[in-house]
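Student: As you go down the protein sequences, you meet chains Z and E in turn. Position one of the first sequence corresponds to residue 1 (the working numbering), numbered consecutively onward. Position one of the second sequence corresponds to residue 1001 (the working numbering), numbered consecutively onward.
Fair warning: there could be bad hints in the mix.
Unchecked claim - Restraint-style ranges between C-beta atoms, simulated for each label pair:
| no. | chain 1 | residue 1 | chain 2 | residue 2 | range |
| --- | --- | --- | --- | --- | --- |
| 1 | Z | R97 | E | S1059 | 13 to 21 Å |
| 2 | E | I1063 | Z | G16 | 24 to 32 Å |
| 3 | Z | S14 | E | V1062 | 41 to 49 Å |
| 4 | E | S1018 | Z | T17 | 47 to 55 Å |
| 5 | E | S1027 | Z | K42 | 19 to 27 Å |
These are computed hints drawn from the structure, not numbers from a lab. For every residue, glycine included, the Cβ atom is placed at its ideal position computed from N, Cα and C.
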Amino acid sequence: AQSVTQLDSHVSVSEGTPVLLRCNYSSSYSPSLFWYVQHPNKGLQLLLKYTSAATLVKGINGFEAEFKKSETSFHLTKPSAHMSDAAEYFCVVRNNRDDKIIFGKGTRLHILP
Amino acid sequence: SAVISQKPSRDICQRGTSLTIQCQVDSQVTMMFWYRQQPGQSLTLIATANQGSEATYESGFVIDKFPISRPNLTFSTLTVSNMSPEDSSIYLCSARTTGVAGGPQYFGAGTRLSVL
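So that you can see chain E by itself, here it is in the shape it has in the complex:
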């Protein structure tokens, strides 16, 4: 299994500012992902973080709003830019090692973001 650490665990931010969330995995993993969980909802995939190249975004999410970095196999950041109250959500980092048959994805504890 993989242990995933996220920080900050929570934050309260002002409209128009940006927040960068960090994700650290305790082992080298092939794939890292960022999800959003809006209040009372299930998880929605924002993007796949690719090492050393631009992230792959899902429909409805764009790089200007959610820039992502992944400089190595164990670390990634997600920035929520120019925040508005609609961005208030839990943001979760996830990781998986491919090549392990049926290997599950592991999740961080999440970052609970409130935008005023």
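Isolated chain Z, as found in the complex:
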């Protein structure tokens, strides 16, 4: 069985400060992990992916995530938030045995001026 938990439904940060969006997962088999972003009235855009290579993954728009197997976590970070980062972020886990993917419930990121 697999699951993904996004620990915060809403996160607010000031522009220029660091962003941390938390994600924990469980998977019976070696997982692939992804972060997607969804801007208002837009589709889902892939930010980054982890597929058993380097544990620190760099994505687009300055985002990165670190896979920590011991903590079953895949938190998304960015050193300095920008107003354009305001969006919904989804953590996704895929079981590499049966290809099923599971979406987290999403974290809405608010950027304060």
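Once you've looked at the hints, dock chain E against the given chain Z.
Tutor: Okay, now just chain E, sitting in the frame of chain Z:
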């Protein structure tokens, strides 16, 4: 990567009618999927669209309500049948190529459906 086009992008429909959503991928992909995203919610998988055969539905979704076609590797349709206001959602098409290690799924922009 794959570029996925969906149409219509949005529609407002009357109760009891049906709407067919089209999904076109710009490259041949192995797997295509349909998701529903209800207001303020995450994505829920409706079904996997199989080329040339019946789609594989997830628990809670049935073919009579959500018939799906996939006549070739790049095109699929989802029909929302006999609509009710509870069907108001965003419907998203997704595609992935297997055999590419760790390949992600790509998503269309979605179809925003409102049922009156």
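Student: When the hints from earlier in the document are held up against this structure, which numbers fail?
Tutor: 2
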